[in-house]
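Asks: Working from the sequences, and respecting the hints, build out all of it.
Chains as they are written, first to last, in this note's numbering: chain E, 1 to 193; chain S, 1 to 649; chain F, 1 to 395.
Please note: incorrect hints may appear among the correct ones.
Dumping the calculated PhoX-like pairs for lysine-lysine here, alpha-carbon to alpha-carbon at most 20 Å [unchecked claim]:
no.	chain 1	residue 1	chain 2	residue 2
1	S	356	F	78
2	F	85	S	356
3	S	356	F	75
4	S	570	S	503
5	S	503	S	434
6	S	570	S	502
7	E	159	E	13
8	S	434	S	507
9	S	570	S	507
Here are some chain F residues the structure puts well away from chain S; computed CB gaps all over 12 Å [stated by the list, open to error]:
no.	residue
10	24
11	29
12	34
13	83
14	127
15	274
16	278
Selected chain E positions facing chain S (in silico; Cβ < 7 Å) [stated by the list, open to error]:
no.	residue
17	5
18	18
19	22
20	25
21	30
22	42
Derived from the structure by calculation, the hints contain no laboratory data.
Each residue gets a CB set at the ideal place from its N, CA and C atoms; glycine is no exception.
Next come the chains, spelled out residue by residue.
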Amino acid sequence: MSEETTTGLSHNKLAMWVFLGSECLLFGALISTYLLYRNKFYDGPAPGDIFDIPFTSVSSFVLLMSSLTMVLALAAIQRGDIRNNRLWLLTTALLGAVFIGGQVYEFTTFIREGLGYTTSPFSSAFFTLTGFHGVHVSLGIVMLMSLLISSYRGKLTQKNSETVEIIGLYWHFVDVVWIIIFTVIYLVPNPTS
Amino acid sequence: MTDTISEEVTEEQRPLGVYTRPKGGNGWRDWITTVDHKKIGILYGAAALFFFIIGGIEALLIRLQLATPNGTVLGADMYNQVFTMHGVTMIFLAAMPLAAAFANYLIPLQIGARDVAFPRLNAMSFWVFLAGGIFINLSWLLGGAPDGGWFGYAPNTGVIFSPSVGMDFYAIGLQITGIASLVSAINLTVTVLNMRAPGMTLFKMPVLTWMLFVVQLLLVFAMPVIAVALFLLMFSRQFGANFFNTEMGADPLLWQHLFWIFGHPEVYILVLPSFGIISEVIPTFSRKPIFGYDFMVFSGIAIGFMGWGVWAHHMFVSGIGPLSVAAFSLSTMFIAVPTGVKILNWIATMWGGRVKFSSPMLFSVGVISMFTIGGLSGVTHALSPADTQQTDTYYIVAHFHYVIFGGIIFGLFAGLYFWWPKVFGHMLDEKMGKINFWVMLVGFNMTFGPMHVLGLQGMSRRIDTYSPGFGFEAWNMVATIGSFIIALSVLIFLINVVTSVKKARGKPPCGPDPWDARSLEWMTPNPTPEHNFDEIPTVESLDEFWHRKWGTDDEGQIVRVATAEEVCQKGTATGVHLPSPSYWPLIFAIGLPLLGLGLIFNLWLTLPGGILIVTALYAWIFEPVDDPDGPHGDHHEVNEEISEGASDV
Amino acid sequence: MKKVWLVFTAAVLLALSGCAADAELDTLQPQGPTARDIDNLLDPVLIIAYVVFFLVFGATVIIWWKFRDRHEDEKFPKQIHGNTKLEVLWTIIPTLILAGVSVFTLITLSSLNSRETNEITLQVENESVAWEPEVVVIGQQWWWEFRYYFDGLDGVDLSDARNLPPADIVTAGQLVMPIGQEIELSVTSRDVIHSFWIPALNGKRDAAPGRVHPWKLEADEPGVYFGQCTEFCGLSHSRMRMQAIALEPEDFQTWVDQQLVDQTADQITDEAVARGLTVFENQCARCHVVNGVNEDTSIGADLVSNAAPNLTHFMSRTTYAGGIFNLYEPDGTVDRTQLEAWIRNAPAEKPAYAQGRRGMPALGLSEDEIDDVVDYLQTLGTPPSSFIIQATEVD
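Replies: Written out as C-alpha cells, the structure reads:
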C-alpha cells in the first residue's frame, strides 16, 4: 500500500482532515443554534438553574486526559510497542466511556429535574448539541475498540500505525470540540429563571 | 452472459478472510458492484437525466396550472407538492448529480489518475444518492409529497402546518442525499489533491477540474450546515423538539439562516461545474487557449469564497436588521465582479479565434449570453431596496432560471455533447444537436423571459392560481407554451441519443480526438478503457494533450508535431492493477431509506435498515482490499485475447 | 407600462395582449414616496444592465459573424494566453460601477428605514387625539388583520400576536389610511411567515410569528392599492390578498368615526336579523367578534392562529375571505349569492384546513339560517362609497 501521493499525505489521512473540516461546520451550526436559544427556556428550568458545573468539569477533565492517552497510544505503536499501545488504547476508550457515562448521568438528572427534550427551545438545543457530541465520542470509542480487537488479532502493527494516527486525529478533534462546547454551554455566565 | 470468473478462492488468498469480492464484467451485476469512476459517472448521469425528466414533468404540470387564471389542473394542495418537488428534484436530484457525473468521470482523467482516491466510497456515494432520490419520491405514494417548498421555511414545515408525511420525507431524504454529496466531496477533494499525474501542478490543472475542485470544497463545508438544519427539522417533527416552536420563543429565522448559509454556496456548487465545462469547450472550438487562465481560476476561487458571505440576500425582507441588509447588499453586488471577469474571459477566448459552432460550442455560447441575463437581474436584486419589490415574485423565478437553466443546464448539455464520444465512443448527431440547442434556446426564453415582466407586474411566486385583471394572462400563456418547447428540445436530445446509439452499433468507435481537444482525458482512447491510461503521462503544460499534438515552427506558426492517433494511448495495456468491485456500497445504500421509512412510519422498520447498514460497514472493512485474482483490465471485452497472455502478471 | 419594456423588449410580438390596462400590482408604477425611491434606484441600474447585456450579446454576435471558422484547414488563429492589463481593467471598471451603485443603494436603504415623526389630529369619541399614524399588521392563514391603537403603541405588547390587547379599530383585508402621511406599520404573524406587500406604495416585509417588523406606507393620492401575500404560507397562499385604501384626511376621519361605533343587539327590530344574530352567537361567535356582541376569545393554542376577522363593520369592507371575494356588485348591491356560498361551505370556496382550525369550516347551517345570518351581517357597518366599491373590485 505504498502508493505515492501528490501531497505526501496518505489518502486516508487527508480524507480525515477534510472530514474534520466539514465537522467544524456541523458543530458550528449546532453551537450557533444553542447560543441563539440559551435564553429561551420558556417555562422550564434555565441553564443557570440546572447545570452542575463541578460535575461537568470533572468529566471534561476526564475527556481531556483521554487525548493524552491517545497520544501515548500512538507513540507506542509508532515505536512498535504493541503492549503499551493496547494499554493506552484501552485507557483512552475507558476514559471516553467514563465521559459518556457522565453525560448519561447528567441527562437523566436533568430529565428528573424537569428539563426534557421538548421542554423548551433551550432544552432541545442543549440536548441536541451535547447529544451530537456524545454520539461522536461513542463512535470514537467504537473505533478504538475496533483497533484494540484488530491488535489482538495481530493486525495492528508498527506498519499500520497510521490508522491509529487517523483515529487519533478524530479523537483529538472531538475533544477540542468539547472544550468549545464546555466553554459555550457551562463556563459563560448562564441566565437563571 | 457475463465473463465473470467464479473459481473458488482459497482461504490463504484472502487477506482478511470471510468475504469475497465480486468480479468485473459487463452485465447488470457489474453495474451494481462497480467501483469504476467512469461507470459511476455514467450511473450518475443516467440517474440525473431520469430525475431531470421527472422534475421536468412537474414543471410542465406547474405551467399547465398557471397557463390561465383560476387554473384547476392541479388544485392548491397538489400544486404545492408539485412545485416543492420540482425544486427539490431539479436541484438535488438532477443538477447536482449531473455535475457529479462530470466530476466523477472527468476529474481522474483530467489529472491523469486511474480512479478516485476511494473507489468504494465513490460507489457508495452514488447508491446513497439514488436511494435518497427514490426515497423522497416515494412520498408521492406513501401519503403525500413535501408541500413546504424546497426552501422549507419554518414554521410552515412543522407538523401542525404540514401534517402529511411529506416534509418528513423531505428532511430525511435530503439528509440521505447530503451524505452522498459529502462523502463524494471528500473523496474528490482527496483525489484532486493527492492523485495528480507527475508534473500536474495545481496550476496546470484544466479549468474544469479547478472549478469542480472548488465545488467539492464548497460541498465539504456547506453540506454539514444543511445537515444541521434538516436535523433540527426532523427532530422537531419526529420528537417534538422546539427549534421552530414560536410559542416558546423560538426564532423562525434560524431555519432561514442555516438554510441559506448552505443554500447560497449551493448556487455556486451548481453553477461552477458548468463554468468549468464551457471553459474546456470554448478554447477547443475557438482553437485558442483559454484567455487568462490564472484569472479564470482565481475568479472561480473568489466566487467560492465570496459565496459564503452573501446568504442573507435571500432574506432582505425577512426582518433582519438594516445593517445586515446593507452589508449583504454590498457583498452580493461585488460577487458580480469575479463572475463578470469569467464572462469577459470567455469572450476574449473566442475573440480573434476561428470559432467552430458545433453543438457543444452553441450550448456554451448559450451559457454566456443567458447567464449574463441572469447575472444582471441578480445585480438588480442586490439593490436591497429594489429587492423588497422583487423578492418572492416571478422576477426572481425568471432570474434563477436564467442562472440555473441558462447558466447550468445549457452548460451541462454542452458537456454531454462534448464528452459523449469520450464516454461512449460515438458522436451524437451534430445536426440534431444544433436543432436541440436552438429549440431549447427559444423555449427557454419563451418560458422564463416573460417571467421578468410577470414579476415586475407583481405576480407572486408559489401561488397556485391568480385572478384575471392583473395583466398576468398573456405572459403566463406564453411561458406555458415555452415550457412545452423546452420539453420538445429535451425530447430531441433523447431521440438524438437513441438514434446515435443505434447508428453506432456494430461500428468501430470514433477516432480518439474528434474535437481537436486540449486536455489529458483525450489522451485515452474513446471510449475510455477500464484502466484509463496505459501509462500515466508526465505533464509539462496546461493543455498537455494539445501541446503534444501541436508545436511552433521558427516563424512562430503553429504546426502539427504529431497526430492525435500518435499521441493518444492505445488502451491496450494489461495487468493494470485496479480496485475490485464490491457489493457493500449498494447494500449500505439500501439500508438508509429503510431507516428513514422506519423513522416515519414504524420504528421496527429501522431494524432491517440498521442491520443492513452495520453489516455493510463491517463487510466493507473486512472484505479483502483487492481481488486475489490479481490484475484487472483483463476481462475487458475489447482486449480479451491479449489478457490471456497477461494473466500471470 | 412603458418601463416593463425596459426589462423585456424582445417580446414585441405579444405587446398588445401582454400589457393589460389594469395591472394593480405593478411594481414599476409607484404611487407613494417610498415606492418611488425604490423605483428611482432601480431604473438607472436597469439601464446599466441593458447596456452591459447588449455589450456581451453584441460581442457574441460579432464573434458569430467575424470569427466564425469558415475554412476547413488546420490554420490556427493567433494564440493569446491573456492580457493582465485587460484583466485588471475589466475587474476594476465593474467594481467602480458597482461601488457607485452601492452608494445609491445605501442611500435608498437608509431612507427606506428612516421614520418620520408625523402626527395627525383625530377626533376619537369626541376627544381630539394627536395620532402618530401606526397600524399593526397581522398575517395569519390566509388573511390579514389591521389594528389601530389611537393612544400609540408605546404600551402595547405585540410580542405575542395571538394575545394582543384590545384595539380601537380592528379590521381585515383592507388597510384604511390617510393620504400624505407616513403610516408606520408593525408587521407580525399569528402562525407561519407571511409577507405584506402593497407594490404601489412600498416593497414587502415578512410577517413572522414572535417578531415585530417595522415597515411603512405612504400614498400620494386617494385610491385603492392592491397587495398579495408573497411569502409562501401554505395551502391558500395564493388566496391571501389585501388592499390599502388611501383616503383624504376628512374621509379618513369619517371612516374612523364609523368604525368606533359598537354594534348593540337591542337596536334590532327585524325578525330575520334577530334570528341571524342568534345564529351568529351560537356558531360564528366561536371565532368571529362583533364588538358589543361578544368578546375576543380567539387566543389560540397549538401555534395555529385560531383567529377570525372581526366583523363589527363587515359591510364597511368590500372584500372578504382573504380579499378574494367581492361583497358588493359594482352597482352597490350586496352579492348575497357568493356570501351565502361562503357561509354554506367555506372550504369549497377557498382551500383551507378547516379541521385543523386553519380557515373557516363548513358549519352545516340550514338554508334559512344562512339567509338569516346574511341578513344580520348586512346590518354590520356602513357601506363605503361607490367609488371604493368599484375601485376595490377583485376578479
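Asks: Could you tell me which of the numbered hints above are not met by this structure, giving the numbers in increasing order?
Replies: Those not satisfied are hints 2, 4, 6, 8, 10, 11, 12 and 13.
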